[in-house]
Amino acid sequence: MSNTYFSPDPAQQKIAADLYETVKDLPLICPHGHVDPRLFADPNYQFGSPVELLIIPDHYIFRMMYSQGISMEALGIPRQDGGAVEHDHRKIWQTICDHWYLMRGTPTYLWLRDELRDVFGIDAKMNSANAQAIYDAIEEKLKQPDFQPRRLFERFNIEVLATTDAATDTLAHHQAIRASGWAGRVIPTFRPDAVVNLDMLGWRQNITKLAEVSGIEVSNYQTYIHALEQRRAFFKSMGATATDHAAMTAYTEELSPGEARAIFHGALEGTATTTDAQRFTGHMLIEMARMSSEDGLVMQLHVGSFRNHNPLIMERFGRDMGADIPVSSEFTRSLKPLLDRFGNHPALKLVLFNLDETTYSRELAPLAGHYPILRLGPPWWFFDSLNGMRRYFDEVVETAGLYNTAGFNDDTRAYPSIPARHALWRRAAADWLAGMVVRDQIDTDDALEMIRAMAYDLAKTTYNL
Amino acid sequence: MSNTYFSPDPAQQKIAADLYETVKDLPLICPHGHVDPRLFADPNYQFGSPVELLIIPDHYIFRMMYSQGISMEALGIPRQDGGAVEHDHRKIWQTICDHWYLMRGTPTYLWLRDELRDVFGIDAKMNSANAQAIYDAIEEKLKQPDFQPRRLFERFNIEVLATTDAATDTLAHHQAIRASGWAGRVIPTFRPDAVVNLDMLGWRQNITKLAEVSGIEVSNYQTYIHALEQRRAFFKSMGATATDHAAMTAYTEELSPGEARAIFHGALEGTATTTDAQRFTGHMLIEMARMSSEDGLVMQLHVGSFRNHNPLIMERFGRDMGADIPVSSEFTRSLKPLLDRFGNHPALKLVLFNLDETTYSRELAPLAGHYPILRLGPPWWFFDSLNGMRRYFDEVVETAGLYNTAGFNDDTRAYPSIPARHALWRRAAADWLAGMVVRDQIDTDDALEMIRAMAYDLAKTTYNL
Amino acid sequence: MSNTYFSPDPAQQKIAADLYETVKDLPLICPHGHVDPRLFADPNYQFGSPVELLIIPDHYIFRMMYSQGISMEALGIPRQDGGAVEHDHRKIWQTICDHWYLMRGTPTYLWLRDELRDVFGIDAKMNSANAQAIYDAIEEKLKQPDFQPRRLFERFNIEVLATTDAATDTLAHHQAIRASGWAGRVIPTFRPDAVVNLDMLGWRQNITKLAEVSGIEVSNYQTYIHALEQRRAFFKSMGATATDHAAMTAYTEELSPGEARAIFHGALEGTATTTDAQRFTGHMLIEMARMSSEDGLVMQLHVGSFRNHNPLIMERFGRDMGADIPVSSEFTRSLKPLLDRFGNHPALKLVLFNLDETTYSRELAPLAGHYPILRLGPPWWFFDSLNGMRRYFDEVVETAGLYNTAGFNDDTRAYPSIPARHALWRRAAADWLAGMVVRDQIDTDDALEMIRAMAYDLAKTTYNL
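Residue numbers (the working numbering), protein chains in the order written: chain A, 66 to 530; chain B, 66 to 530; chain C, 66 to 530.
Worth flagging that the hints you see were computed from the coordinates, not collected in a lab.
One should not assume that every hint holds.
Any copy, or any two copies together, can satisfy a pair, since identical chains are not distinguished.
[Said to hold, decoys possible] Mimicking SDA-like on lysine to any residue, the simulated pairs with C-alpha atoms at most 25 Å apart in a straight line are:
1) 190 <-> 319
2) 206 <-> 313
3) 89 <-> 248
4) 79 <-> 509
5) 525 <-> 133
6) 190 <-> 505
7) 206 <-> 83
8) 301 <-> 238
9) 89 <-> 372
10) 401 <-> 386
11) 206 <-> 162
12) 301 <-> 384
13) 190 <-> 459
14) 156 <-> 111
15) 401 <-> 373
16) 156 <-> 291
17) 525 <-> 123
18) 190 <-> 134
19) 79 <-> 327
20) 401 <-> 341
21) 208 <-> 311
22) 208 <-> 321
23) 401 <-> 124
24) 274 <-> 395
25) 206 <-> 196
Just so we're clear, the structure is a prediction, and the values are computed from it rather than from any experiment.
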């Protein structure tokens with residue numbers, strides 16, 4: 066619909082529509098996300114069933130179903146113990162459609178509606194009655210070559226898509242993509258959490274793997290740093306322009322060389338404490354800023370998620386199962402040690418993401434409106450939504466300015482939902498700008514430049530793409 | 066007025082009005098509130114003066130007057146020391162009307178306006194000039210049999226009304242209601258704070274009372290638990306479907322049996338510390354969840370009020386005198402011990418209420434959008450208002466979904482204001498849904514089902530009514 | 066434009082315009098700000114260049130430029146070490162105009178636009194092309210007698226303007242203003258932070274200065290208190306009606322006389338700790354409340370800024386250079402010791418300002434809606450903006466009522482921007498009230514009285530002006 070997501074006021078709506086018209090066909094910049102590079106490595110990759118494509122990997126959907134008493138097993142989510150789960154994908158799809166009304170009012174409801182309509186040509190509302198017909202229609206499309214990932218990449222008009230990859234990844238799929246001669250630009254992102262956060266499950270094995278892939282024996286802090294630098298250089302050679310870091314808090318602290326060595330040694334020995342782990346993560350964020358200031362990789366920091374909050378779900382289904390819950394965040398004091406050292410650096414960019422909206426106007430916007438290295442990422446995760454965007458625009462821009470924001474990224478593993486997500490952002494941005502035009506806060510010329518920045522330029526320049 | 070509380074946009078307004086039309090005559094579900102059951106025990110109960118009915122029990126009103134320099138005594142609020150207070154109710158009413166402009170912009174201003182108009186047939190604005198005339202008009206109505214509580218219950222179209230009652234209450238009024246054969250459904254709610262929170266004034270005497278009413282000698286932790294279970298069973302036999310718990314924080318902790326016994330023993334001896342009290346409250350919340358998982362009573366938790374903040378007012382007038390001030394809340398970590406044990410329970414429901422709106426989008430919606438036992442109560446207390454509801458809808462539903470919310474409850478002791486409060490909620494809900502329809506986020510069929518859920522079904526199903 | 070800053074809905078816009086019309090010509094009450102009294106001491110004071118007037122003193126502008134990589138030196142900000150900075154004001158102006166688009170969406174963008182148009186008669190958008198022409202136009206105006214501060218004071222229709230002055234200030238400029246016989250009411254405000262906060266740079270020298278100006282030898286806590294009381298009396302004799310206090314937190318604590326004496330003694334000796342300083346500040350806030358309860362000066366408290374967050378900027382350029390970053394605030398517990406002692410005082414007024422918007426609805430509105438001494442200051446600093454005001458109105462008034470707010474103050478050192486700032490507030494207020502009228506929350510009579518209160522009366526009565 067031409068006025069989808071716009072305010073109902075006719076004057077504002079008209080301006081929003083005009084602004085959106087100027088950017089709706091711009092290529093998509095996807096500087097941060099979780100699409101599997103495997104999709105593009107094989108030129109003839111084909112998606113599985115509608116359920117494999119749309120339901121099983123989407124924790125936004127199955128968490129909501131679970132919250133209303135539908136078991137994860139009934140949705141086909143694999144158990145860690147190999148226990149029985151529903152295998153009939155048509156039955157799973159029916160269950161989803163029977164309960165699809167639970168998603169009303171959520172962004173997922175909109176993304177999937179728009180995706181079915183615009184990608185699969187299905188203009189029907191998911192419900193009990195039409196569940197099987199929609200399944201048929203999707204299944205039929207997925208068999209067509211036009212629905213192979215590379216074809217969709219072109220159809221979606223994606224200019225660049227960044228994946229997120231462990232520091233120990235060999236980037237074999239990215240190598241295959243490059244080797245294939247395909248013109249699509251799919252680049253990796255360096256994410257070292259699993260070798261940086263000492264208390265992460267499997268850290269010791271990850272260090273072994275780090276040594277293997279880097280070819281550097283990681284026996285102490287110094288060689289560990291060398292190995293990380295080696296990996297960064299490799300990622301950069303493979304097209305990466307950014308790194309990504311996740312932490313429960315924004316705590317940073319510069320350890321003395323002796324402290325860093327001692328804690329790292331303790332971790333290798335298995336004697337590091339929880340406090341050691343927190344301090345080491347805080348130290349490594351500064352160390353990663355140091356490396357970024359040298360190699361030019363844009364640094365991303367995602368803060369505020371209490372991961373795997375539900376032990377039953379963690380034990381039975383593993384990580385990333387919809388049980389990550391935000392906690393409150395603090396930046397002004399926490400980030401100061403990093404900013405004291407690198408906040409004024411001319412060559413560094415640090416993009417901040419957060420799950421505590423109270424920090425937008427109180428801390429993040431004031432910080433970004435002063436420190437040259439800071440950019441604010443778009444509303445993340447639960448806040449990648451119409452209301453989330455409106456609050457973000459309203460709470461950030463007055464203080465940070467628009468040009469200290471980082472544009473949009475879709476942050477998704479749900480590849481076919483990418484156009485719907487960018488369209489939502491672009492429409493929300495157009496409507497927000499139109500609201501400022503009708504209130505005489507900016508004029509139409511301002512708005513035209515701002516909508517282009519929001520839809521395209523800011524993401525591209527922030528990530529050096 | 067037909068468009069009261071709706072957005073001014075004509076397109077949205079029209080849809081809101083249409084939606085509201087479909088629910089405005091549905092019966093009222095009142096699953097949580099503080100109406101005195103005495104009102105219904107006596108078939109011929111008559112209200113006192115307009116001031117006794119509308120002013121003296123309403124801390125929303127006298128706190129605002131007090132904040133602007135009008136003494137509590139001038140408003141007839143009884144002093145604990147029996148000191149002189151204004152007894153001329155006409156004079157008090159005049160004082161209120163002289164200063165009624167202070168209430169502009171508050172929900173109380175709207176509730177009382179709508180109540181005067183719709184219940185008492187008085188379509189005039191309270192002010193100095195018409196104070197006495199309005200007093201006359203209310204007084205005249207209150208003498209009529211049509212304004213007796215039972216008659217109003219029927220006129221208000223209340224399907225069920227739950228009161229809130231101490232664990233040690235004999236429920237004599239509820240027994241009288243049942244014995245009278247009247248068809249109105251008035252049910253109790255089990256609220257054990259006064260015997261659970263060790264640091265509450267009079268806890269020791271309350272334990273004595275608990276022993277008396279339960280017939281169980283409460284000499285240790287084990288018999289204490291038995292006595293509580295006995296009371297719950299009694300409340301349930303009297304129609305209760307829910308319990309209610311208040312705490313300054315959402316802190317939960319499972320004590321070992323030995324710890325629980327020792328702290329309880331210390332409390333009986335008068336040696337429990339503040340920390341003991343906090344830990345015991347946190348433990349008992351889990352224990353109450355355990356009992357609810359067994360007896361099926363829906364558990365409600367109200368968090369975040371610093372009670373009796375003003376010592377002068379507490380000393381002179383006692384509790385609940387408008388001097389309760391919210392504090393910031395935390396749920397993700399605090400509630401984890403309870404959720405670890407019962408979060409996935411198939412038969413338990415826990416409804417959360419809170420006075421820190423920042424937790425809506427950051428913690429409560431993500432938690433409720435995952436854990437099967439959780440439902441989010443409507444905006445509470447200061448946030449039971451037009452803006453409070455709009456923020457709640459906008460910040461909760463995108464992540465929690467609508468169906469993890471608990472509908473509305475009026476939470477009031479101001480009995481004749483109940484229809485005005487429900488109408489405000491229903492209108493706010495209709496307008497919010499209309500806003501999503503005009504933005505093409507949901508269609509009209511969705512909206513029709515959602516408005517009914519918000520106005521009626523969700524409250525009924527959440528509380529098993 | 067007649068509908069600037071109003072909502073686009075025609076019905077709401079019409080009401081907003083009608084309301085605004087009734088207050089737009091009311092005199093300006095400026096009870097808190099940072100205009101230099103020197104401007105009025107010399108009847109023929111002339112402003113310097115456009116850059117001296119508009120850019121160099123405005124940290125809102127240069128912080129944004131700095132955040133985007135433009136050096137402070139390039140904007141002519143003087144270095145502490147006397148190092149070279151750009152001295153060509155035309156070149157600085159060009160740089161500003163080249164990057165003025167960075168300010169889009171900020172309140173500064175609006176203030177300067179409206180100021181250029183309404184004060185200087187320049188109806189053009191600052192950009193690269195017209196930078197020099199605008200510079201010429203401003204420069205030409207500044208030479209005219211009509212643009213001298215006293216003439217502007219009359220043209221701006223300022224009824225009273227309060228400056229903010231150190232406790233140790235001799236108020237020489239205020240004395241000169243009085244001696245000159247000029248009718249403009251410019252009054253001082255007593256701000257003792259520099260002699261109260263023990264950890265402030267230069268505290269010891271400030272105590273020496275305090276002794277000098279008060280004529281009281283400050284050798285111990287008792288004489289220190291006497292000296293402060295002497296200064297307050299002097300400020301009051303010079304027309305002051307208020308004091309102002311800044312603190313990172315709202316922490317208050319009443320020290321015993323012995324503790325206060327000991328900490329003060331330690332500070333004189335240079336042995337006070339950080340904790341001593343925090344406790345002493347918390348104690349002195351209560352002591353200042355005590356003094357205000359006696360001398361009737363209205364007390365203002367500004368809470369929540371982490372000052373001079375960027376050590377590089379602090380070292381190179383000094384204080385107040387755009388590197389102050391908010392932190393989260395707490396009032397319910399922090400302010401309790403002060404409120405326990407003075408919260409019910411009939412003669413005291415305490416106006417609260419804060420940079421953590423989450424406290425509006427959670428703590429500040431409930432506190433102000435109960436305690437007689439409390440008033441809530443308008444949205445401060447980063448929140449003195451269209452969105453900041455809308456959030457403030459929506460989050461404060463339902464609970465605190467309008468009449469526990471303190472109206473508007475511009476809090477600015479940018480003298481010629483004062484009318485633009487008041488106009489923004491008055492328009493935002495009119496639009497907010499119009500929104501309540503169209504939703505039938507208030508009627509037009511209510512709105513007419515409320516807009517006058519917001520535009521004029523509340524500021525005047527709160528500050529006893």
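For each hint, the structure was consulted:
1. Neither within a single protomer nor between protomers do residue 190 and residue 319 lie at most 25 Å apart by alpha-carbon distance, with minima of 54 Å and 46 Å respectively.
2. For a Cα distance limit of 25 Å, the shortest separation of residue 206 from residue 313 qualifies neither inside one copy, at 41 Å, nor across copies, at 55 Å.
3. In this assembly of identical chains, residue 89 and residue 248 lie within 25 Å of each other by CA distance solely inside one copy; the values are 23 Å within and 60 Å between copies.
4. In this homomeric assembly, residue 79 and residue 509 come within 25 Å of each other (Cα to Cα) both inside a single copy, at 12 Å, and across copies, at 23 Å.
5. In this assembly of identical chains, residue 525 and residue 133 lie within 25 Å of each other by CA distance solely across copies; the values are 16 Å between and 40 Å within a copy.
6. In this homomeric assembly, residue 190 and residue 505 come within 25 Å of each other (Cα to Cα) only across copies, at 13 Å, whereas the closest approach inside a single copy is 39 Å.
7. In the homo-oligomer, the alpha carbons of residue 206 and residue 83 never lie at most 25 Å apart, since the shortest distance is 33 Å inside one protomer and 39 Å across protomers.
8. Only within a single protomer do residue 301 and residue 238 lie at most 25 Å apart by alpha-carbon distance; the minimum there is 15 Å, versus 62 Å between protomers.
9. Within a single copy, residue 89 and residue 372 get their C-alpha atoms no closer than 36 Å, and across copies no closer than 43 Å, so neither meets the 25 Å cut-off.
10. For the homomeric pair residue 401 and residue 386, the shortest alpha-carbon distance between copies (17 Å) is at most 25 Å, but the shortest distance inside one copy (33 Å) is not.
11. Taking identical chains as interchangeable, the C-alpha atoms of residue 206 and residue 162 lie at most 25 Å apart only when both belong to the same chain, with a minimum of 19 Å there against 54 Å between chains.
12. Taking CA atoms no more than 25 Å apart as the test, residue 301 paired with residue 384 passes in neither setting, with 28 Å inside one copy and 40 Å between copies.
13. For the identical chains of this complex, residue 190 and residue 459 are inter-copy neighbours only, at 23 Å across copies versus 32 Å inside a copy, given an alpha-carbon limit of 25 Å.
14. In this homomeric assembly, residue 156 and residue 111 come within 25 Å of each other (Cα to Cα) only inside a single copy, at 22 Å, whereas the closest approach across copies is 60 Å.
15. In this assembly of identical chains, the alpha carbons of residue 401 and residue 373 lie at most 25 Å apart only when taken from different copies (11 Å versus 28 Å within one copy).
16. In this homomeric assembly, residue 156 and residue 291 never come within 25 Å of each other (Cα to Cα): the closest approach is 51 Å inside a single copy and 46 Å across copies.
17. Taking the shortest Cα distances, residue 525 and residue 123 never come within 25 Å of each other, neither inside one copy (27 Å) nor across copies (31 Å).
18. Taking the shortest alpha-carbon separations for residue 190 and residue 134, only the intra-copy value of 23 Å comes in at or below 25 Å, while the best inter-copy value is 49 Å.
19. With identical chains, the CA atoms of residue 79 and residue 327 are never at most 25 Å apart, being 63 Å at best within one copy and 69 Å at best between copies.
20. In this homomeric assembly, residue 401 and residue 341 come within 25 Å of each other (Cα to Cα) both inside a single copy, at 19 Å, and across copies, at 24 Å.
21. Proximity of residue 208 and residue 311 under a CA criterion of 25 Å is satisfied in neither setting, with 37 Å inside one chain copy and 57 Å between copies.
22. In this assembly of identical chains, residue 208 and residue 321 lie within 25 Å of each other by CA distance neither inside one copy nor across copies; the values are 58 Å within and 58 Å between.
23. In the homo-oligomer, the alpha carbons of residue 401 and residue 124 lie at most 25 Å apart only across protomers (20 Å), although the nearest pairing inside one protomer, at 34 Å, exceeds that limit.
24. When the C-alpha separation of residue 274 and residue 395 is checked against a cutoff of 25 Å, the pair qualifies neither within a copy, at 33 Å, nor between copies, at 38 Å.
25. For a Cα distance limit of 25 Å, the shortest separation of residue 206 from residue 196 inside one copy, 16 Å, qualifies, whereas the shortest one across copies, 57 Å, does not.
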